[in-house]
Each structure stands twice: as C-alpha cells, then as structure tokens.
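J.: Going down the list, the sequences are from chains A and B. Numbering-wise (the working numbering), the first sequence opens with residue 1 and increments by one. Numbering-wise (the working numbering), the second sequence opens with residue 507 and increments by one.
Straight-line Cα separation of at most 20 Å, EDC-like style, residue types lysine to aspartate or glutamate; simulated pairs: (1) B:K545 to A:D32; (2) A:K17 to B:E561; (3) B:K614 to A:D14; (4) B:K545 to A:E222; (5) B:K546 to A:E222.
Some chain B residues near chain A, calculated using beta-carbon distances under 7 Å: (6) D530; (7) I534; (8) D538; (9) K546; (10) D550; (11) M557; (12) E735.
Hint data in this document are derived by calculation from the structure and do not stem from the laboratory. Keep in mind that this is a model prediction, so the values were computed, not measured. Idealized CB from N, CA, C, for every residue including glycine.
Residues per chain are reported as follows:
2 protein chains.
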Amino acid sequence: MEKNFDTMVADFKDYIKRIKQYNDALGIIFWDLRTGAPKKGASDRAEVIGMLSTEMFRLATSDEMAKYIDYFTMSEQNEKLDNIMKVLVNESKREYDKFKKIPEAKYKEYVILTSEAETIWEEAKNTNNFALFSPYLERIVNFNIEFIDIWGYKDNKYNTLLDYYEPGMTVDKLDKIFGELRAKIVPLVASIKASEFQPDDSIFTKDFDVKKQEEFSIYILEKMGYDFEAGRLDESEHPFTIGITPGDVRITTHYYPNLFSSALFSSIHEGGHALYEQNISNNLNGTTLCTGTSMGIHESQSRFWENLVGRSYSFWKCYYQELLSIFPEQFEGIAVEEFYKAINKVEASLIRVEADELTYNLHVMIRYEIEKALINQQIKVADLPEIWNKKMEEYLGVVPPNDAKGVLQDVHWSGGSFGYFPSYTLGNIYSAQFCNAIRKEMPDFDEMIGRGEMLKIKEWLSEKIHKYGKLLTPAEILMDVTGEEINPEYLVEYLESKYKAIYNLK
Amino acid sequence: MEKNFDTMVADFKDYIKRIKQYNDALGIIFWDLRTGAPKKGASDRAEVIGMLSTEMFRLATSDEMAKYIDYFTMSEQNEKLDNIMKVLVNESKREYDKFKKIPEAKYKEYVILTSEAETIWEEAKNTNNFALFSPYLERIVNFNIEFIDIWGYKDNKYNTLLDYYEPGMTVDKLDKIFGELRAKIVPLVASIKASEFQPDDSIFTKDFDVKKQEEFSIYILEKMGYDFEAGRLDESEHPFTIGITPGDVRITTHYYPNLFSSALFSSIHEGGHALYEQNISNNLNGTTLCTGTSMGIHESQSRFWENLVGRSYSFWKCYYQELLSIFPEQFEGIAVEEFYKAINKVEASLIRVEADELTYNLHVMIRYEIEKALINQQIKVADLPEIWNKKMEEYLGVVPPNDAKGVLQDVHWSGGSFGYFPSYTLGNIYSAQFCNAIRKEMPDFDEMIGRGEMLKIKEWLSEKIHKYGKLLTPAEILMDVTGEEINPEYLVEYLESKYKAIYNLK
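Please work from the sequences and hints to get the whole structure.
T.: Shown next, in the form of structure tokens:
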C-alpha cells in the first residue's frame, strides 16, 4: 500500500459520500416524479434515473471499492478504525458481496423485467386479469430463487430475502412470532365481529375541505416535532416519506374531500418515519449509514405515532377541541369518546392498505406464508389466486370477489420485493415493545400525551433509536432500548386491552 | 481505429446523452432548490450539485471526448456525418476547448470564488457596502481577463465573452447597434417625460388575491399554447424558466398580493421562454443541442410574448373581459384603453428588473459599457459606483441614492457572468425583427391576437425558430426568418409608434 492509513480513511469517506450523493440526487428525482412532475417528461426522466442508478451501482461494486474493503478488513487496519468506520466497511462489504456476485447482464435483465412487470401488474389489476401478470411473476420468483442460490442461504431460502430487509430475521423466528400473534388476534377479531356495539365511522364521510385537512395535518406534525425547516408536506397518489439527508426529509399524504381519517393518519404515519430520518446523528451524515437501520424499525416509528399515539384516547382528549374548531359542522354533537371509537373501528376487509391496526397483521401473514412457499417452490404462481382466497377465508373470514381485490392488490411482487411484507407487522411488534419501555421511564405517558407533551416522546425516541441510523442492527437497538429480544406479547397486550375496552368485551 | 464508424457514432451519442442526463438531474435539483426545498438541506444539496457538475465537467473534457472529437473532425469521417452530428461535434469541441485550456486547479479556484462572491454580494447589497464586494469583483474580473488570454480573442477581449452567450456577436457590431438604439430611445424617453398625459398605474396596487392571480396566469399561458402536461407553474423568489427536456419545461412567477401586473407579465415572459424549450424538435432530444441557441434568441421569445403580444392593445381587447370577471371590483370603471396605457407606463427609474420595455434597454447599455471597459482594463473596479451613477444620470436622468439601488443591484457579476447583459436588449431587437417577419406572412397579426388566435403565432415561432434548438446559430435563424442581419430599426419603429400613440406625441 502506498497510501498511509489516514489518507485511505479520508479517501474511503469521500468515495462513500459520492455514492450517498448519487442516492440524494435520485431521492429528489423520485420525490419530484411523485409530486407533480409533468407526465410528458416521465420517459426521459426514467432514463436519467437509470443512468444515476447505474453509476451508483458501479461505485458500490468497483475495483476501487474492493480495494478499500480488502484494506480495511485486514485485522491490522480494522483494529484502528473507529466504530462508524467499522460499520461502514461492513455495510459496504455487504452491498458489494450482494451485487458483485450476480453477473451484470443477469442483474440488468432482472431490473428491466421488474420495471416492465410493474406496468403489466397495473394493467392486470385494472382489468382483473391475473393470467396477464402470472408469467412475469413466475420469472421474478425464479430470478429470486436463482439469486438466493448465488448468494447462499442458511436453513431456509427465504431467510436470505428476510435478512435483506430485516438483518438477523429468520423464518424460524418469524413462524414462531407470527404464530403467537395470530393465535391471539384471530379470536379477538371474532369477538369484535360478534360484539353488539359497533362504532359508527360514517362520521368521516362528510365534506372535508382539503385545505383545512392540510392545516390540521400540519398542526399535528408540528406538535409531534416534525421540523418543517428540514422537510415539507406535499400531496401524492400514495403517501410516502423520503429522507434525503437529515436536513431534508419530505413527506406526502393524499387528501380525500369526502373522507376525513385517511389523510390525517397518513400524515402522522409518514411523520413518524420522518422523525426517524430527521434525527439521525450528524456524525453519520454523508455516509450510507445515514438512514433507518431496517424496514421493521422504520415501520415501528410510523406505527408508533399513527396507532399508539395518534389513535389513542389521550391524543384526542388533547387535540379534539382543535379539530372541532376547524370542522365545527362536520363533528357537531359528536363527543370525543365516540370519535375515538370511530377511528378505531375494526372490520375484516379485503384490502391491506385500508385495514385497521388489528386485522392489518393478518393481511401481512397471508403474504408471508405465500412468499415463503413460493421461494421454497412448494406452491406454483399459477395457483396463487386460489391459495390467496383460501387464506383470506381462513385468516379473515372474507373472500375477494375477484383477483383485483385479492392477489393482485399489492405492487410489491411486481418489483421483486419478496421479504418486505413482514416488516409491517414487525414494526407493529417493535412499536409496542418500545412503548412499554417508554412507559417504564415515563409512567405518566398517557397523561403526557393528554397534555400535548409529544416533544418529550419524540426526544426519547430520537435519543434511543433515531440518532443511531444504521450504526446499530435492529436486534441491537431492540435489546438496548427494551432489554429484550423481539416479543409479540406487548403488542397482543396492547391490542387486547384497547379493543376489549372499545368493544365492551370480557 | 478498431471500432467502425457506426459504432463510434452510436457510442458518441450515448456519451453525449450521459452528459445531458447529468444536466437534466442538475436541472431538477436547481428547480427544487428555488421552489421550496427545505432550507436545512441546502448545504448538503450544494455538495450534490458540486459532485454532479464535476462529473459533467469531467465527461465534457475527458480523453474519451478528445478521442471522439479527433475522430469526427477528420475530414474522412466528418463528411459522412449528418447535420445534427456535425453540429454536435462542433458544439462539443467548443466546450472542450473552452474548459480544457484552463488548468483544473484554476477553474476550481474560480468556481469557489464566484460561489463565495454571490453570498458576499448579497450581504453588500443588503448593507449598502460596495467596499465589501469590491475585492471579490476585482478578482473575478482578473480571472476573466486571464481566461480570455488563455482562450484567445479577436480585436477586443470582450468579444470572447460576448461570443459565449451570443455566438458571432462582437463589440464592433454591438457598439453600432446600441448606438443607433440609444440615439432614438433617449429623446423618446425625454418626450414621454415631458408629456402632459401620464398613465395612472396605481390601479394595480389594490388587493389582488394570489390564487386568482394564479388562475389568470394559467388561463393566459394555456391560450399561448404552453403545455401543462409538459410543464408546471410554481412560485419562487425570482421568476425563471428551466427546460429540462421538451417534455418537462417548468416556469415560475412571484405573486405580490398588492401589485397585479408583476406576476402576470412574469408568467407571460417565462411562458415565452418555455414555448421555445417545449417545442424543440424531438430529433435533438437527448443531445446537448436540445436547448435555445443563444441567450439573445431565448430572450427574444420571452420579450415577444411579454411585450409585443402581452402589452399590446389587441391582447387586452381580447382578454380584458376575462380579467374583469376575475377581479371585478379592482378594475371597476376602468376601460380597456386606460388599462392598456397603465401597463405601458414609461418612467426612468433606478432598478433594471422593474423598468418598462423602453428604458430597460438603457439599463442594459450602461452595464455593457462598464463591462467592456472593465475587461479591457480601462476602468477600475473601485471606481464603479461613481461611473455607474454618472452613466445613470447621462442615460436615464436619475441618480441612485445609494449603491444598493445602483451598482450593487444585479447578481450577474458576482457569478462572473460578463457578456450576458447585452442578451436582454438583443432579445428586444430580435423580437421586433421576428414580429415584422410574422406580419408579412400574417398581415392581420393584430386582429388575430384580438380574436385570441395566439396558437397560430406560437406555431409559426415553433416552426421557424423553436424546433431548431441549437442546430442553427442566432445569425442563421435571424437570416432564415427575416432575410436580414440584426437590425435595431424594427424595434425603434415599434417603440416609437407605440409610445407616441400612448403619450400623444407628434
């Protein structure tokens, strides 16, 4: 080596920063595409995205990167690295190995396939034609199986995909966790269905001026501690959060003029994601560690704010008055208790993204079971509609009238995102565990929310979780914050106590 | 050469496309920065811009580029190129020579200096402190003189800078053109000042709801043929147009709740720029020729729409009724004739960007005279405030009370944009020449506008000017369209006939 250690460190950091900056540029362009970019520019823009992604891919898998990884993983140099550098080297190696092993031509073929498949999926969904999408899905599944063979796997092929979204997660663990959860949720949903009391959520389907909805979303986001000088709220077809740098974390929602609850809870949900990205430590800025550590932990933050805070009675005890002042006619004569029950109405339904916080997990489990079986070649793509409908009946007691409202409803598979769905329920589980930990330190958690002291909660989350970015693994964060491994009991406890009270169950 | 001719052509096109795609990404990021990007993200974003610009610079000055240029400029290959490829090779060579000749370290020093200087200029302007900005400006001027020595020049050092913004333009030509124009405008402004009749433009300073201003801007832009599926209208501090690709050309304006005329005429002005960029031929898409051919020709399009169309009597005969329906109270009792005269009020004033279409040219000439003398080392930066004020008195008969409203008012010099200012007046001159050519083909030009048939005018401009992008030089376009070289007489004629009528002059 001609260069000395310090120069190598500085050069590596510059190199990583360049990768991150390509990612930042892509972030802006994605945000722009979804928030009103002129549609006639879309095809040229797709090519720009392709060019920038290719450059980023090249940097992450270059000989120069290999040289840095080799150098810094030698024990003599590795010992001298600080913690951030150590994790950064590991993370870079993980990405390098993942992508370098796949022949470039094969990877390109896969990227083109998935981008075509998304268009085909959309058409298949719109025309309720699974047969149209089926051959594409089959090829995508086969590619994933091939990739797993290249990457290698332990115990179960699906583990490799799970690990990508949630480092350390395995089929064994998930089967157990999801099994426990399902055993509690299914009977709870059944009791709720049988309950004489059913909340009236028709109160949300009046006229709700979109500007006023926006005003109330902004009001709540500010109370949560979302920093509008480091972000902005826009509208898009599907709500999303994009963290470019901690100083620029943007969220979107979607307003329905005749449905109050959707935009607000989307705003709170995305606000939860955004608080994570806005509060990552400055030390990590300019590195690829400056983002959430996993999809599951990310989802724990959005779910925490959306459900454990935003759908709590204390929250509305505090903010219902403000809501009434914005929509006095729409909520006239509706007491806060009634409003609270309405936003927590549980009903087994067909569409995951519209599901309540209780049945949502059952939707996730169905997808998990199917993905696991597909990747292990235990079921065939062609049989998916039948399998889907059977599982819906078994888990939720409802059967889709067609594939558009069934197996074709989600975009994920068309993009090849196998292993992603479990993150949603992992997020719910983690959020309940984190909430339990907060309550130990802040026994008056509910009263604090009732007094509007959400900033203290945000600070706690930032200090315990957000600031670490990708520096700690999901399991490390969970252990540090709660002293436990993943444990679905807290979620079960929360759901049972909340919904038994709302539905007057024993 | 191992590769054959066709492969070289295809590779070169791909290479150029990559440069263009970096430019597209930068375009989106610039637009984003000026239309509401969170301010806490600004410093990280500046670094992303730096990285992308550096990559683009490297591509434009690489050994690979040199190889293409060498290959395609050999007569054997050059003869086989189609016209687009020929111009593309020339344009690439022009850029290569321009940047390659300057040592990279020197160029970097200059880029850092100008980016610092812009911040300093802003502070100097805000605190009315020319001495603060003066040393920076001196260094910028010296850099430019040094660059000109490296690049070489013909007859006059300033010619090299002029040629950058307006290929083919020289000091000799400009002195003659500006001299003729000034000789006509100065006495015309004097007669206007002495006129008993003065339009009342206080009618624009009532309350004008910003949403309604936007609505009317959109209405007019649609009538002009601006394609909202290939663009969008936003608000920014200073109005601008950014043409990313013909399918994505965005414009901005700035709304003043108590000043009607500003946002509308900015919208029309930027709309004129945008029509140019939206209507460049598809053949040029993906190349660096897919933009306006010069700043002067670009400005001719914006000025054409803003002044020759938007401030014409025919235009308001057609659209005043619509305006009245949007602002019935604000314009109650004001006849269209009175309104027309008010939007054409002429008054010698201090600030260029607020000047009317007549005195605007005098502001430009002052800057031109100063730049020419600076670059030829005939005056000193330290003496600029005095020189400025003297020229203001001489050309416009008004003297700035301070440097903030005088020599410090424009951003251009802090960024090193010497040679840019003349484009504004060249644009006015060209626009009048183009208008004369249209009138020959469409003798009922005024009546057409009066009937709201602006799309026919747009199509004429697109067919004669827009579609060529950078494929033709400004002089070629002018000659093809008008059969003449640049000639200020048409602008003089237009201004004299319009303003003599408005101000009842002989």
